[in-house]
Every structure is written in structure tokens, then in C-alpha cells.
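**Student:** Chain by chain, the residues run as shown.
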Amino acid sequence: MPKVTIDGQEVNVPAGTVVVEAARQVGNEIPVFCYHPKLAPVGMCRMCLVEVGTPRLNKDRQVELDVDGKPIINWMPKFQTGCTQVVSEGMAIRTQTSQVAAARKDVLEFLLTSHPLDCPVCDKGGECPLQNLTMAYGPGVSRFDYAVKFHFQKPVHLNNLITLDRERCIQCARCTRFSDEIAGDPVLGFENRGRGMEIVTLSDPPFDSKFSGNTTDICPVGALTTRDFRFRARVWELEDVPSICNHCAVGCNTIIGQRVNDIKRIMPRQNESVNEIWLCDKGRFAHHFANSRQSTLGPPVPSGTHRLETPLIRRGGPQGDRLVPASWPEALKLVAEKLSAAGPDGVYGISGDRLPNEDMYLFQKFFRQVLGSNHLARWPVVARGPVTGTLFQEIGLSSGSNFGKMGKDTSILVVGADAEEEAPIHFLRIKQAGDRGAALIVANPYHTKLEKYGRHCFVYRPGSAAAFVWGLVRAIMDAGLEQKEFLGSRATGLAELQTGMEQYTVARAAELAGVKAEDLQAAAQTFAQAANGVLVIGRELLGSDTDPALPEAIRALLTVTGHIGKAQNGLLPLLPHNNTQGALDMGLDAGPEYRTKWLPGYQPVTDKGTSSGIPASSAIYVIGSDLGSESDLARQALEAAPFVIVQDLLLTETALLADVVLPAAAPMEREGTFTSSERRVQRFKPALQPPGHALPDWWILRELAQVMANAQDKTGWRYDTPADIMAEIAHVVPQYATMAYENLPVPDLPSRKLDYDDSLFYRGTSFLNPGGEGQVWPVKAEDSAVVLQVRWVEPAVAGQPAAGQTWLITRPHLYDAGTLLSQTALLQPQMVPHTWLHVSPADAARWGVAEGAAVSVSTGEDMLSFVVHLDADLPAGIVTAAPARLEGAAGQTRWPVNVTVVNAQRLAS
Amino acid sequence: MIGEILKGMSITFKTMFQPPTTVSYPEVKKPVAERFRGRHELKRYDNGLERCIGCSLCAAACPADAIFVEAAENTDEERYSPGERYAKVYEINMLRCIFCGYCEDACPTEAVVLEKNYELASYSRESLIYTKDMLLVPHPADIQKTA
Ligand code: SF4
Ligand code: SF4
Ligand code: SF4
Ligand code: SF4
Ligand code: FES
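So the protein sequences, as listed, match chains A and B.
With the numbering used here applied, the first sequence corresponds to residues 1 to 909, in that order.
With the numbering used here applied, the second sequence corresponds to residues 1001 to 1147, in that order.
One chain only, chain B, in its complex shape:
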């Protein structure tokens, strides 16, 4: 009887002096795996043009039907992406998304990429439909301005 108690307590005392494994999120954040699939981003080319051409292939590939794309035509005055076509509306419903990464696979221009951010909680359903401005990475010129 005493033996069992001592055995148990020995484990308790042993661990007491080891460093803790829990991290104090959100003050401390653990790095995620290299191939982690988190919140999507819509990428740009180095010259600032959007990679996305509004082809809807990501939406077609999505098993959760989470993506909605509406395309429009670039003009010389108003150019968003190289070529003729760009995404006028690009929305991902984060409540539907299962983070499978098929959209990234389907994309012919490597525009949509599942990045590392996993902090997606929100107070309303509406705010979880991410629009194009939320998904698109900042324009390189804007980054320079703020830096």
C-alpha cells in the first residue's frame, strides 16, 4: 500500500522539476509544420499584379463548395492581373472549408495558397466569408510604404 503511494509520488516529484510542455498560447505560438494548411492567401507577382485569373478551377475542385468566384475583364486602364481575365469577386467560406488544399492544387497560376495562419475564430457567420480584399496579400508598393 505504502509502496504504491511512493511509486506514484515519485513520478509526480520527478516531473515537477522537468520543463513544462504546454505553451502559453496566445503569448507563445508554436511553429507549424512545413506543409501545414491554414488560412488561404491570394498571391501576387513581384510586379504587384494579382496571380488569380478568376478561372474558378479552385471552386470546381473544392469538395466543400466553399469558394465563389466571379470573373471580369481587365482593361488597359484598370488592370488587376496579367492577361484578359481577373477575379472580380473571390470569396471563401471559412466555415465550409475543410482545409484539404485541393484549391491550391487546382490553381493553374499558384494564386491561392493555404498559408500558416490558423487563428480563424470569429463572432459571426458573415465575417467568416472571406472576401477578396481579405485574402489578397498586400501590394508590394504598400508594403514598402509602411516599412
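Okay, chain A solo, but in the shape it has when bound:
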């Protein structure tokens, strides 16, 4: 730890620290533009100039002392850049001399010679480091004639999301370094030189990155701004509300910038355990569903999609049945009557997995207590198959894990997951861990972006994930790399496993999975020998029809390697929605056979219920899910049901099938908690007023329960706020015992309060998170008394795709054109419609089809129609489609499936 003296103040800092960081530790702010703590230093802007000296050494290389016994310092003749100068023992730094002040002033004056007078119209104005540092250190007036400034035509749209104003750029290269180093999308670069130097995009489509919005946060001027926020408000006019992103299960911490009940922008809030200071573009821009309110009062049969503002009831009329607005008491009375009449066996509840924990808890409580029914399921069917909540709560990623801290001693194995598409910020952090030395092993049925950073990469046969994972287990056992000590005390069934696997050699596994045996062995060795190991699985492994051998293979792999039960180890499922984990925890689940599997907190269900499939004559209550647009099967069930209640934000296709539609408040319009796929429970605050008469889901359920419950039951339904519900959850769900609201603080940010502690680096670009980082509940394996049971189950391998065959598999996309995302017109160019069939160029040539051609494929049982979209990442013989399209398709239940092209629109000859 070198000791350095900064303006007379001594401080010990780790070797390799740069001067600006060392100064920051003693509270000395050296101004910077290009330096950013998350990026490699480049020394481009010269704002951080300081005087640096080293102690003078005598002939014996001893530090010479002056008469006062102080070391004599040899001051370097020129200023040094504090962001690139690494400290050394005894170094002295002066930051407050008049020379340094003059240097700062001159650098700023120089930067401003080619800067336009845009502050009044610039979206960065008010939180702009250039403004702030000019106020603090710059000259009061300019000696430069405005007329001779260098002008560019403005603005340039780098892509459909990001706007560049070339005049404002100070050439700090933060944006290019972010894209290269952090996002792994080297798509920005500099062109020309001197005054004419400008940022250009090098990719086609332009600025092709899922993280492009972050460059606008770190750009120290208003050169990069978002199209979404462009001219929509001045930053000081916004009310900043801490929130949690509701688009995927990463659970990024956000700030919603709100003005006159309208979301103007979404910014990251720093959480070093979750999203650091980043957001993906979906989280940043896809908030328009909350504001889709063209009308103040819905027309009688609302057309198109705008927020529901009043309850709707289906009534007969001259033009037939139509949904007409009704009052809340009327709608609740009708629902209560119908549900009471239907009885416990005549009702079925389906919950989406985007709702906050409180709402899902009340929904299942409403069914189980008020209606006395266990007929509950969660939509979508993801994580309803063999790999499900019980496995996650047993061997999930241990509490205390943090991808931001993973490095050389860690191996991350990613199987059946396209992290960038399924959980972009997890992708970013896994990639970053790889950059720090963690060994990444990537295995998928197609190529993914993470492969660029993988030490071992595999493309296995579709459907052979279980075979692949068992192959790793066998290779580890063959090499004698299993953690014998750990296994001795923590596992049973090992001997049986060994006998069971006798016939299942590495060569056999390699053959089944279509990979090389040596590669499998090498990867197994890497994973087993790492001190810490994380297994990341994705949508492909979470399907409802995946191989029953999968959970056993996963448990066996993590158990034999001992990557279980301690921080930085365990299984991370990339769950499909922001609160899928919460839905599992709240006991809102059902197997593929639509039967409830457990109560809140994974407690066993005593009454198994009688249903198998959605019973045809049940009244169906759908809350927060548009299953009708995703699945033909669900649609048929809804059409057949005698009475359907849909509680949602928008008049979805599902809502159009309903008899009663109840308008619900969006997440940003109420308070609550979400549980991320790392099982981190995080609170968010309301930012907006709900439109019209819409109410939070928990409120609606409470009112309904009060209407229905008899006198003594009512006492159980006195919830005034979500805090009351969470207090009850803490009581009922053992995992949530410590998660009452008082233990889950969120910062109150009164009006616009940027904490400038970190201002030097993040100034105006990210919000600090003084409220803590949320709470992660521990998995069973963390209790050292728990013994894990390993078991051999033969993998059921899908048939071998032979030459000339085509296999259809599901594949998730970040910009999957679902109900909520479709409300954001800005993201239209990125969206992946459900009608697309992704086809490799080789297959397209074989079929004689081109981009945009209509094709019909037959699975043997079903005919599915698609539009061809070429995708170079796909191996020949594999075609993919959106999970929402396939998972609920009528009749067909098993993916992958061998398909044949029945009808293809040929290339125009």
C-alpha cells in the first residue's frame, strides 16, 4: 500500500490506484471529464492536471530528508494527468496551487472554444459536468469570437434511440470506451481529427447495442441524448422517484423522472449488487405502456390499446354483446355473485408474473381463503416444468453472491441461456466477470454473443441439455475432481449415481449432445477446479416440457463440484419476467397439468385440487396476464368459460374475451416489492397517479374479499397499504421473514436531489442508492445441515436431427413484441414480432425463401404460419420462434420438434 501525500494530507492506497482515486479517498475532488471509474483511463481531456513529485533519493537509494526531517520532493517539471498517473511510494501531489487552478481554467477555456452556446436548449443542462466544472474552475468570459466557432449540422440520430450533437462533443471517448469495454459492442468510433473529430457509428444497423442509453448517462456533455427525453423537460423540473425496472428478472434499480403525471425518463440508480450504474435500453425506454392514455374516459367499447380507466361489464344490446363502462360497486358485486355461485370447484385463477409480491399474495389468498379453492396457476408456463421453484430454493445462487466481485477464482457455466436477450444486465456482468478472469463456459443450441468471451463454447443439439450436463458430471467423476470432502458430509446417493452412470460415458454424452468429448472434459475440468462456480440457465431449460432428467443433472453437477451453499456459488435461473420468482414464492404455481404445487413459501399443498387442465365450466379470473394473445389453448379455454374476469392495465386481447374487466394500476402507480431471479426483494415507490378509476390490484382484491367474505373473515382483509400485506407475508412465508417494509428501505428523494458524493465521476448521470441494496433470501443448501440427494435419471434425448431435417425451438428475445413493449413506438425498429421464424441463411437457401417470405411449417400435429427472418447466428437445421408463440400453441406440447416446410413463398425467380 503506497503512502502518498495529497496537499499535505497523507493517505495509504492500494498499489495501482490512480491519483484522482487516491485524492477522492481524502475527499479531494480533482475535476475530470474523460475519467470514469468503470472505464480504463485514457487521459483525453486534460481536466485532471495536477502537480506530481516523487521523493529525491540519495546514492544509497534512501529518501533524502530536509532540515525538518521531511522528504525532499523532486517536482515534475510539467503537470501530470491525475487520471492516468499511478501512485508510487512517497509520491506528493499538489491540487490546490495557483498553477493547477490556471491549468484547469485554460483547459476549460480551450474546451469551450469549440462548444456551442446551447445550454438553454440542451437536455444535459442542469446536470452537465461541463457546466458545473466551468462554474467551479472555468473562466467567467470567453475570449473567443462566437462567429469563428466550428459548426456542425445538428442533430445526428445515431440510432432510433440516441441523438448526437457533434458540436457539443468534447472527445472524451467515454461513449466509445463504454461500448467497447462494458457492453462489448464495438460500434462507436471517432472519425477525422482536430476540430472536425466526430463520433460515428460503425455498425449496420447503426449503433447496434442493447445498452446504447448508458452512453447518454456517462457522456459528460449533452452530445449524446436520448430521443425519448429529447426536449421533454428540464432536469430540475423532474420529480425523481426510486423504482425497480419491471421488464425482466434482473431487477435493475431505477429512478423515474416524472413531471405532471407523465414519465419523462428512466435513469439508473446505483446498486453495485444488481445493475451497478447501467440499464438496458428496454428498461430505459419501454415505459410508455403506463402513459398510453389517449382518452380521459374510455369509449364504450375501447378500441386500440389505451389504459383502462373504469370497470367494464359485458352487456347485451342492439349490436350484440359489448363491454360497457360500469361503476366499481356494480362490477365488484357482479364478480362476487358469479364467483360465489361457481363454488370452490367452479373457479380458476390465473396470475401473470409481473405483479408485485403483495398482489400475488393477496390473489392466492383470495382464492384459497375466500373462495376455498386451490385452482390456481401462473402464466406463462415457463418454470412450471421439471426445473422450477423448488430447485431454485434448494440450490439457487447463494445469498451474498455478487457478479461484480467474481474474477479469476470463479467459473460461470451458462447453459441454454442467451443472457443478452433474456437478462441483459446479467449478460453485462457475466461478461465483465469474464474480463476480470472468470472462466466462462457457454453452451446453447445456437450461437450467442456471450461466446465471444467464453473459454469453452458449445453448440449442442436442441433438446440435449440434460445429456450435456450429465456429460460434465461424468467427466468430473472420471477425472476424480469431485469435492469428496463436501460430498461426504452434504450429499447422499452418490454410489447409486455412479452405478447408474456406468453406461453413460463422456463419449456417449458427447455423441448425444453433438459436441466433442475432449471439449466436454476440458470444460468439466475448468468448472470443477474453480473455487467458485455458478450455473446460469435460461428459458430453454425452464420450459414446461423439458427433460425430467434436467433438475437431477443440475443438482448433481453443482453438488459434485461443491458449487453450492456458499456465496458466489449456485444456480441462477434467468426467469422470464420481473417477478416470476415472487410468483413462485407466493405459491402461485401449477405444473403443466394446471394443478397447484405448493402454498406460499413452498409449503406442501394438502388438498391437491381436482382439476387437470383448465376445467371447461369454470369461471376464470385472470390477473395481469395477456395469455389470450399468447396461446391458442388459453384462448379456447377463455372462450369456453361461462364467466371470465380480467384485471389488467390495457384492453388486451384477453380482456376483450372477458365478461368483466377491472382496471388496474401500473407498477409505477403504486408501491410494492419485486423479487429478482437472484431472489433479491426490492421495494419501489409510486411515481404517477393511476388513470381514471384504475386501482392497485391489491386494493381491488381487498374490496372484493370484503364484499364476499362473511363477517369474521373480514378481519383478515384489513390492509391499508402494501406494507400491511408485506407484514403478513413476512409472517407466513418463512423466506420473507425479515422482509417487512421497515427492513427494506428505499430512499426518499425529495424533489431533485442528486447526491454529489460521487459527483466527480457520475455527476448528473446516476443516482446513489442510500436505501440499501435490497435483501436476498438464503436457499436451503446454505444451511450446512441440509443433505442433498443426488439421483441418476437417464436423459431423454430428442431424436437426432439428421441431415436435411429442420428443428423448431423456442428462443427468447429482449424486444419480444409482447403486450407491454408494443406500447413503446420508439422501440418499434428493434422489436421481434411473434410471427417471425428465424432461419439460418443455409436453410433459407435450401428452402428457396428470402427475408419476409411467408412459410407454413408442420410439426406433425400442428400447422404454424410464420414470416421468414434470416439470422446468421443459427446453425443450419435449426429454426427458432418466440416462446410466446410456441409455448401455448394448441395441441403441441414438446419443443424442440422436427418440422417440415409445407408451404413456402419461393424466391421470385
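Source of the hints: derived by calculation from the structure; they are not laboratory data.
Honestly, I wouldn't trust all of these hints.
[Unchecked claim] Label pairs and their computed distance ranges (CB to CB): (1) B:E1078 with A:E742: 45 to 55 Å; (2) A:P77 with B:R1079: 34 to 44 Å; (3) B:P1082 with A:K408: 54 to 64 Å; (4) A:Q689 with B:V1023: 30 to 40 Å; (5) B:S1127 with A:V141: 36 to 46 Å; (6) B:G1048 with A:N192: 30 to 40 Å; (7) B:I1129 with A:H157: 30 to 40 Å.
Owing to the predicted nature of the structure, the values given are computational and were not obtained by experimental measurement.
Where a beta carbon is used, it is the ideal one built from N, C-alpha and C, also for glycine.
Using the hints, position chain B with the ligands against chain A.
**Tutor:** This is chain B with the ligands only, laid out in the frame that chain A set:
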């Protein structure tokens, strides 16, 4: 006693023959001082483009929180002001305004100016929220047409 009455009456008679100081408002209006601060106007350039760029600096400066601005982007087809940005919504709540003139000071383009009009009475609160069309001075072309 008589002396006092005569003294008082002498003043009365003296003033009786002087010209009156009251003006018969509203038939007669007195000119206001050069630096009087009355009702705001949003000015235009000579070519008719609006000076206001929707920067909200006036709103930020306003101690009474009387101004509300929402900006939008100019396009070549629909251009309101020079440059990229214009005020789509510009409102001043005249009930809140204290006529301090800070908005005028803050404006970087000299768009908002407190003019001489002080006749601002109205029958309803709503009508005292002055919108952009009320505040904006007429387009030079329109003035020519009417002249
Ligand atoms: S656009 Fe912004 S971040 Fe990029 S180089 Fe210019 S000033 Fe820096
Ligand atoms: S990674 Fe997920 S949680 Fe984070 S911003 Fe993107 S969609 Fe939201
Ligand atoms: S004159 Fe003063 S109080 Fe009135 S709008 Fe302007 S700044 Fe506000
Ligand atoms: S009147 Fe002036 S200060 Fe106010 S928004 Fe317009 S340009 Fe900005
Ligand atoms: S040169 Fe050091 S911060 Fe830019």
C-alpha cells in the same frame, strides 16, 4: 372661530378653480413609466419566428412558480422558432405572478417581456392562466393583413 371657517373655505374655493388631477379612467388612460412591468408578451423576430425556445429558464427563475413551459422539437415542415427547440406549451398564471420581471431577466433570447398592459381583471380563475396564443404577439404577416 369665524377665522378658522374662512381659512378652510379659502382652500376649498382656491382648489375649485384649479384643473382636476383625477382622470376619468377608462375613458382616459395615464401613460405608465418607462420601466413599468405589466402583462407579459412573447416576442417574435422580424421574420415572424418566435423568439422563445422553450428553455424553461423563466419558469426556473420565477419566484412565484407562475410559468409552465413544455418544449418540443421544430421540424422543417413545422417550424416555430429558429434552432431545434420551441415552446409547445407556454402558460403564465397571472394570479400567481407578482410582476417582478425575473422571467424577463432570465430569458436568453429576450422572448418574454413585461409590457405596459395592466388591465388584467377577469371573472374566472381559469381565464387568468394565460396561454401561449394569448401571450404571443401577432405574426408580422397578420398585422399587415389587418392594416
Ligand atoms: S459523445 Fe459524449 S461521451 Fe462521446 S466522446 Fe463526445 S463528449 Fe465524450
Ligand atoms: S436488464 Fe432487465 S431489469 Fe435491467 S433494465 Fe433491462 S429489462 Fe430492466
Ligand atoms: S414577473 Fe416574476 S412572478 Fe411574474 S412570471 Fe415573471 S418571474 Fe414569475
Ligand atoms: S420565454 Fe425565454 S426563458 Fe422562457 S422558455 Fe422561452 S426562451 Fe426560455
Ligand atoms: S485527462 Fe484525466 S480526466 Fe480526462
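**Student:** Next step is simple, just say for each hint if it's right about the structure.
**Tutor:** Going down the list of hints, with the structure as the test:
1. B:E1078 with A:E742: 45 to 55 Å: 53 Å, holds
2. A:P77 with B:R1079: 34 to 44 Å: 55 Å, violated
3. B:P1082 with A:K408: 54 to 64 Å: Given a distance of about 57 Å, which is inside 54 to 64 Å, the answer is holds.
4. A:Q689 with B:V1023: 30 to 40 Å: 51 Å, violated
5. B:S1127 with A:V141: 36 to 46 Å: Check passed, 45 Å falls within 36 to 46 Å.
6. B:G1048 with A:N192: 30 to 40 Å: Holds: the Cβ-Cβ distance is about 37 Å, inside 30 to 40 Å.
7. B:I1129 with A:H157: 30 to 40 Å: 36 Å, holds
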